[in-house]
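Peer 1: Chains as they are written, first to last, in this note's numbering: chain A, 1 to 339; chain B, 1 to 333.
Hints are computed from structural coordinates only; laboratory data are not their basis. Treat the hints with care, as some may be off.
Residues from chain B shown here face chain A by an in silico Cβ test under 8 Å; the list is partial [what the hints assert, rightly or not]:
{"no.": "1", "residue": "Arg166"}
{"no.": "2", "residue": "Ala240"}
{"no.": "3", "residue": "Leu249"}
{"no.": "4", "residue": "Phe254"}
{"no.": "5", "residue": "Ser289"}
Within a straight-line C-alpha distance of at most 20 Å, the following computed PhoX-like cross-link-like pairs (lysine-lysine) qualify [stated by the list, open to error]:
{"no.": "6", "chain 1": "B", "residue 1": "Lys148", "chain 2": "A", "residue 2": "Lys309"}
{"no.": "7", "chain 1": "B", "residue 1": "Lys64", "chain 2": "A", "residue 2": "Lys309"}
{"no.": "8", "chain 1": "B", "residue 1": "Lys64", "chain 2": "A", "residue 2": "Lys79"}
{"no.": "9", "chain 1": "A", "residue 1": "Lys224", "chain 2": "B", "residue 2": "Lys295"}
Note that CB positions come from ideal geometry on N, CA and C, so glycine has one too.
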Amino acid sequence: MKRTSLFAVVLAVIAAAGCTVQDATPPSSGTAPTTKTPGGGNSEPASTGAAVAVEGEIKIDGSSTVFPVSQAMAEEFQKIHPKTQVVVGESGTGGGFKKFSAGEIDINDASRPITEAEAKACEEKGIKYVGFKVCIDGLSVLVNPQNEFAKVLTTDQLKQIWQPNSTVKTWKDVNPEWPAEPIKLYGPGTASGTFDYFTEVINGKAKQSRTDYLPSEDDNVLVKGIAGDKYALGYFGFAYYSENKDSLKLISIAKGSDPAAAVTPSIETIRSGEYSPLSRPLYVYVTAPALKRPVVQEFMRYYLNAGQKLVSEVGYIELDKPTLEEQVKLLEDTIAGLK
Amino acid sequence: MSLGFDIPADDLAKRHRKERVFEWICLSALWAGVVILGILVLGTTYQAWGWLDWQFLTSWDSRKPAEAGLLAPLWGSFWILTLTALFTIPVGLGAAVYLEEYSSDTWMRRIIQVNLSNLAGVPSIVYGILGMTVFVRAFGIFGSEGKKLVIELGITQWTIPLPFGRCVVSGALTLTLLVLPTVIVAAQEALRGIPASIRHASLALGATKWQTIRHQVIPAALPGILTGVILAMSRAMGEAAPLILIGALTYVAFAPGRIDSLDDVFKDPGAILNAPFDTFSALPIQVFSWISRPKAGFQHVSAAGIIVLLVVLITMNSVAIYARQRFRTKLKW
């Protein structure tokens, strides 16, 4: 008897349930955002965001370098708009673009501009997008303050020091005028985005580096190591230098082989791009369908306005004012153009 | 007295020395594992000390190490595990019962058997790729826009996205594929361990094959089956690679279906149906993400996460041992 009754229940459920298959709008189909945006949309970029109530889900993925920025934005944005859910993944810039072009995510974090192949993949799937610069990542090369001889290094010299199977053992190996003291190397561990970036621009290929240096994922360990070792050399994010100016000495970097072209990193030279190649802008890419949704519009407004204060907190450098204004204008123009 | 050959005294001493060396090698082999595990656990506990508190267990993730918590991955792992068990147990048990009790020894069965053993050794990332193609994208047959299957249930509406996308169900189905071979093989072994006399007695009394399996064989094999299932679940719990591919996230500030208290269940019971189609994070993935974050405090947060994961795994394995003991002593033939 039991079996028959169970069967009847299943039948009843199926009969009662009206099944319909609908077209979904990707990627966040489950939650329909309510439209409560201000009339013009671009009349006044909501700088606080508190005035506009939005709800819905935003899916972000991509670079682990940009992750801390997007995570901080998501965290604060959700405090202002409790009915929103912003999720952030970190499958890498390339991995993120794969999901981006498949329409699975709304926003992709990128530590480099989109490549031609990736742009083509988006085009083939009919996914339009727009990219924004959101902040700047700068790397600094540092030595001990007691180091009197090293002031400038060229990228060629850096490559000589850091390339795989490097023969550099003493400072004299880098420059014959320098003392024959062993050079002690400090750098980020292989899991770090900083490591990827440094090895890519200096050694020519990401993750290719000599391995006989002292690695640490914790930049504070590197700071302490260099500060306590007269013949040390290391590199890490500029933000950590600015917090430890007294115990470290900054090296000016020249692109190529001519030391005369050296530029000392500072917030200004990093912002202007003059300090090259060890500074780079970071991007977020947003799909057009996502940008039609008020919740994504508000999130991007927050990202480029009020949220910018979080950039330095997580260790990156804010964009200069004209560039930031350009990005805001690009955002508002794009939103207006989508209507 | 003569043994017919001589045993020189120094030879005896030499053999005893060899004996001691061998024993010592075996002992150090045993301790190598224990010591390494001890160092790992102690080191992690030391790092996690002071970070593993109530706030850590009840907060969402944050950019600030002191405010970060693992509520989201706890909920994510809970849903993943529940669904994986729900899919794995009937399929795994069904397949094992058929293979052991019904099928005859044909070439087909032998091929399946060999493949089951092979599948148990396939790297988990391969299952991740499979799950990505089949469950997350469904080969793209629903178009780039995707479809929604809406089922009206009277009190609530059940919306199933097609393809499933990067959600709990995709993760659970992938992990199901991953652990199924292990569960089937374990269940088969448990069934094989039941003496044929039990089956014969039952059949002789006029019971059908189904009645015999249902009332005699499965209850007798239950301890073994249960152990296999729980061990498979702990493996699913610790897997990170396939879930990263499926698209588990590292920053989520809500539980699947937005259910994080009993109140939410009463307010909107329909959310339970929709939770499996929500985005998620999972314990091993969150731990991995924390380790790679630059801020110093996250090393401690990550260690605290590892301790929680370890405690959950040890609890699950203890339950497996307890279940085996308890059901075994209850059996009387």
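Peer 1: With chain A as the partner, please determine if Ala240 (chain B) meets the hint condition of a C-beta pair closer than 8 Å.
Peer 2: violated (13 Å)
Peer 1: Given the hint that Lys64 (chain B) pairs with Lys309 (chain A), test it: the Cα-Cα distance must not exceed 20 Å.
Peer 2: holds (15 Å)
Peer 1: Double-check Leu249 (chain B) for me: the hint is only fine if its C-beta lies closer than 8 Å to a C-beta in chain A.
Peer 2: Where the cut-off is 8 Å and the nearest Cβ of chain A is about 4 Å from Leu249 (chain B), the hint holds.
Peer 1: Regarding the pair Lys148 (chain B) and Lys309 (chain A), is the alpha-carbon distance no greater than 20 Å?
Peer 2: violated (40 Å)
Peer 1: Mind checking the CB of Phe254 (chain B) against every CB in chain A and telling me if the closest is under 8 Å?
Peer 2: Check passed: Cβ of Phe254 (chain B) comes within 5 Å of chain A, closer than 8 Å.
Peer 1: For the pair we were handed, Lys224 (chain A) and Lys295 (chain B), check the Cα-Cα distance against 20 Å.
Peer 2: Within the cut-off at roughly 15 Å; holds.
Peer 1: For the pair supplied as a hint, Lys64 (chain B) and Lys79 (chain A), is the alpha-carbon distance within the 20 Å limit?
Peer 2: holds (15 Å)
Peer 1: With 8 Å as the cut and Cβ atoms as the points, is Arg166 (chain B) at the interface with chain A?
Peer 2: holds (6 Å)
Peer 1: Going by Cβ atoms only, is Ser289 (chain B) closer than 8 Å to chain A?
Peer 2: With Cβ-Cβ at 7 Å, under 8 Å, it holds.
In summary, the numbered hints that this structure violates are 2 and 6.
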